[in-house]
Amino acid sequence: MITVKDVKRIYQTGETEVNALKGVSLNIEKGEFMSIAGPSGSGKTTLLNLIGCIDQMDEGDISIKNEHVSKMKKKEKTNFRRKNLGFIFQTYNLIPVLTAYENVAFVLSLLNLSEKEVKDRTMAILKEVGLEGMENRRPGKLSGGQQQRVAIARALVKNPEIILADEPTANLDSDTGKEILELMKRMNEKHNTTFIFSTHDKMVMDYASRLVILHDGQIQSDEKR
Amino acid sequence: MKFLISLAFKNLTRYKRRTLITAGAIAFGLMMYIFVDSLLLGIEIESVRNLKWFETASARILNDDYWENRFQRPLDINIADPDSIMSKLDDNGISSTKRVEFSGDLILNSTDFGEDGNMSVLVTAVDTERDFDVFKFDTTLQEGRFLEADDDAVILGSWLAEDIGAELGYWITIVTRGNGGFYEAMDLEIVGIVNCPNPNVNRTLIMMPIDVADEYLAMEGAATEISIKLPESADIDAEVIRIQGLLNGDGLTVMSWKSMAADYLAIAEAKRGGTGMILFLIFLIAAVGISNTMLMAIFERIRELGMMRSLGMSDKKIRIAFMIEAAGIGLIGSIMGVFLGLIVNFFVVKYGINYGDMYRDMDIGYRVQAIIRGAWNFKTMGIAFFAGIFISTLVAFFPTKRALKMDIPSCLRHQ
Numbered sequence: 001m002i003t004v005k006d007v008k009r010i011y012q013t014g015e016t017e018v019n020a021l022k023g024v025s026l027n028i029e030k031g032e033f034m035s036i037a038g039p040s041g042s043g044k045t046t047l048l049n050l051i052g053c054i055d056q057m058d059e060g061d062i063s064i065k066n067e068h069v070s071k072m073k074k075k076e077k078t079n080f081r082r083k084n085l086g087f088i089f090q091t092y093n094l095i096p097v098l099t100a101y102e103n104v105a106f107v108l109s110l111l112n113l114s115e116k117e118v119k120d121r122t123m124a125i126l127k128e129v130g131l132e133g134m135e136n137r138r139p140g141k142l143s144g145g146q147q148q149r150v151a152i153a154r155a156l157v158k159n160p161e162i163i164l165a166d167e168p169t170a171n172l173d174s175d176t177g178k179e180i181l182e183l184m185k186r187m188n189e190k191h192n193t194t195f196i197f198s199t200h201d202k203m204v205m206d207y208a209s210r211l212v213i214l215h216d217g218q219i220q221s222d223e224k225r
Numbered sequence: 001m002k003f004l005i006s007l008a009f010k011n012l013t014r015y016k017r018r019t020l021i022t023a024g025a026i027a028f029g030l031m032m033y034i035f036v037d038s039l040l041l042g043i044e045i046e047s048v049r050n051l052k053w054f055e056t057a058s059a060r061i062l063n064d065d066y067w068e069n070r071f072q073r074p075l076d077i078n079i080a081d082p083d084s085i086m087s088k089l090d091d092n093g094i095s096s097t098k099r100v101e102f103s104g105d106l107i108l109n110s111t112d113f114g115e116d117g118n119m120s121v122l123v124t125a126v127d128t129e130r131d132f133d134v135f136k137f138d139t140t141l142q143e144g145r146f147l148e149a150d151d152d153a154v155i156l157g158s159w160l161a162e163d164i165g166a167e168l169g170y171w172i173t174i175v176t177r178g179n180g181g182f183y184e185a186m187d188l189e190i191v192g193i194v195n196c197p198n199p200n201v202n203r204t205l206i207m208m209p210i211d212v213a214d215e216y217l218a219m220e221g222a223a224t225e226i227s228i229k230l231p232e233s234a235d236i237d238a239e240v241i242r243i244q245g246l247l248n249g250d251g252l253t254v255m256s257w258k259s260m261a262a263d264y265l266a267i268a269e270a271k272r273g274g275t276g277m278i279l280f281l282i283f284l285i286a287a288v289g290i291s292n293t294m295l296m297a298i299f300e301r302i303r304e305l306g307m308m309r310s311l312g313m314s315d316k317k318i319r320i321a322f323m324i325e326a327a328g329i330g331l332i333g334s335i336m337g338v339f340l341g342l343i344v345n346f347f348v349v350k351y352g353i354n355y356g357d358m359y360r361d362m363d364i365g366y367r368v369q370a371i372i373r374g375a376w377n378f379k380t381m382g383i384a385f386f387a388g389i390f391i392s393t394l395v396a397f398f399p400t401k402r403a404l405k406m407d408i409p410s411c412l413r414h415q
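In the order they appear, the protein sequences are chains A and B.
For the first sequence, counting from 1, position 81 maps to 81 in our numbering; every step adds exactly one.
For the second sequence, counting from 1, position 5 maps to 5 in our numbering; every step adds exactly one.
Each hint should be verified, as a subset may be incorrect.
What the hints assert, rightly or not - No farther apart than 16 Å at their CA atoms in a straight line, the calculated lysine to aspartate or glutamate pairs in the EDC-like style are these:
(1) A:Lys75 - B:Asp315
(2) B:Lys2 - A:Glu115
(3) A:Lys190 - A:Asp222
(4) B:Lys258 - B:Asp235
(5) A:Lys83 - A:Glu67
(6) B:Lys316 - A:Glu76
(7) B:Lys229 - B:Glu239
(8) B:Lys405 - A:Glu29
(9) B:Lys405 - B:Glu304
(10) A:Lys77 - B:Asp315
(11) A:Lys73 - B:Asp235
(12) A:Lys74 - B:Asp407
(13) B:Lys10 - A:Asp55
(14) A:Lys65 - A:Glu29
To be clear, the hints were calculated from the coordinates, so they are not data collected in a lab.
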């Protein structure tokens with residue numbers, strides 16, 4: 001489903017060049033629950049950003065659903081992300097002035113769906129992630145775990161085939177982190193959605209059905225469980 | 001679009017104080033714009049009115065050669081039979097009056113004035129029966145009485161009277177040259193002092209009866225001008241052509257007040273341009289304020305911007321969302337600004353601003369003195385209202401564009 005072929009990414013920091021990825025190759029199948037792990041600076045977020053079509057590689061190729069995203073123009077990437085990818089962020093990145101419902105419905109509003117469909121799908125996904133009755137609360141009135149649930153609902157509501165999560169539990173305590181991982185796992189199994197998440201948390205790694213460890217911009221190990 | 005509008009207006013409540021401060025800056029700019037425009041319009045309306053009521057009338061009939069020699073005040077370039085022309089104008093329902101304008105030396109005698117002195121003056125001899133039909137001096141009497149026929153008397157403008165220390169009952173002598181070039185001296189009693197709202201007139205006015213001047217100056221019934229009053233609603237250029245037609249080309253010409261006051265109108269136009277620059281600067285300051293607020297609002301939400309872009313929101317929609325937000329600030333500012341403008345305007349129109357002390361010793365071109373009143377101009381208020389919204393929206397474009405130039409990972413990393 002996702003093919004990453006000899007991808008290189010070099011960042012320019014002042015006069016210094018940083019090789020974030022030094023020729024990474026991967027094949028990811030549909031429905032995988034995959035973790036990209038490694039120490040800080042190993043290149044896991046860069047790889048996630050490249051698969052998520054929000055960064056530009058310097059060399060190599062990435063194809064998702066047989067589409068070469070590396071060759072897409074900016075607008076095409078935006079459209080591709082809108083239709084095919086869901087994102088979960090470490091700091092949730094919810095819009096503070098919108099309610100939980102509105103934060104989730106926002107994604108569907110980009111797809112030009114009818115109001116009824118937006119409402120039905122949003123309410124259904126909020127129920128699924130355990131936020132029934134909290135639709136009208138703003139992020140400020142929700143706990144960290146609840147906010148991350150809203151973010152998961154936001155990522156899932158458009159039924160994307162791939163969800164990318166950058167350190168989704170890093171801002172949560174271990175119990176809440178576990179709850180979130182279980183929720184993600186459940187959604188992965190129920191909807192057969194491919195989950196790719198970066199982490200350096202041992203507990204998160206244990207949940208993954210495939211663990212890719214990066215070190216200095218290269219794959220150190222790739223273990224399927 | 002519904003979502004974008006809803007998001008933009010919710011974001012306005014996010015930083016209430018900042019929104020209000022920026023909207024306040026816009027409101028102040030618009031209020032100033034409305035205030036200055038009202039004052040300028042008021043001055044212009046009053047200035048033109050005072051020009052016509054006390055200086056030029058609506059139009060004037062002159063000898064063909066008079067206008068180009070007007071600064072010499074020639075008595076021999078005149079209208080030989082003004083009465084027949086005025087009679088023709090009367091038949092056509094047009095109010096008119098004849099006048100003789102001449103220059104001379106005003107001699108002040110120590111008996112009345114405490115010390116001897118003299119100064120160059122301009123004297124206007126008026127038809128005591130008809131002058132009020134055209135000019136509005138009847139409302140300006142401050143002391144004494146108006147002129148009567150066969151009166152060896154003068155009326156002075158109050159500022160001139162004050163400058164020379166004149167009082168009712170004092171006598172002045174005017175030395176001039178009559179029609180034909182002979183010297184003549186006239187002893188005249190000050191019987192009235194008028195306070196004319198036109199400062200140029202109030203500063204120089206010496207008025208005497210035309211029949212007395214006719215005798216002293218040997219005018220033999222001639223006048224240097226016939227002043228005409230036309231209704232305010234009249235098409236002045238069309239009326240000038242019509243009156244010119246009535247004259248049958250007797251070597252006379254009709255000039256509208258616009259032609260006579262061309263210099264004043266040009267200065268007023270130039271002043272409008274200068275004021276336009278000031279108003280532009282006021283708007284510019286407001287625009288910089290909004291731009292700064294939007295810049296802060298956008299850069300505080302860079303991560304949010306990154307999230308929206310990641311989820312597939314197009315740059316165009318993000319730009320629209322921020323521009324709607326800025327338009328919202330503009331809308332609040334415009335409502336506040338027009339409301340404040342209405343309040344300020346009410347006081348400026350009703351009570352005005354007293355510039356009397358300033359105008360007393362200074363000629364700024366406008367024919368107004370003492371209290372300057374504003375005028376209602378709803379067109380300006382409409383322009384101010386929409387300009388506030390438009391400028392706010394426009395200035396949000398640039399910081400948004402700048403923020404959208406950042407790549408998405410940098411946006412997501414932004415602290």
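Each hint, compared with the structure:
1. A:Lys75 - B:Asp315: holds, 9 Å
2. B:Lys2 - A:Glu115: holds, 11 Å
3. A:Lys190 - A:Asp222: violated, 25 Å
4. B:Lys258 - B:Asp235: holds, 12 Å
5. A:Lys83 - A:Glu67: Distance ~13 Å between lysine 83 (chain A) and glutamate 67 (chain A) Cα, so the pair holds.
6. B:Lys316 - A:Glu76: holds, 14 Å
7. B:Lys229 - B:Glu239: holds, 11 Å
8. B:Lys405 - A:Glu29: violated, 34 Å
9. B:Lys405 - B:Glu304: holds, 15 Å
10. A:Lys77 - B:Asp315: This hinted pair holds, its Cα atoms lying about 12 Å apart.
11. A:Lys73 - B:Asp235: violated, 65 Å
12. A:Lys74 - B:Asp407: holds, 11 Å
13. B:Lys10 - A:Asp55: violated, 30 Å
14. A:Lys65 - A:Glu29: holds, 10 Å
Hints 3, 8, 11 and 13 from the list above are not met by this structure, while the remaining hints are.
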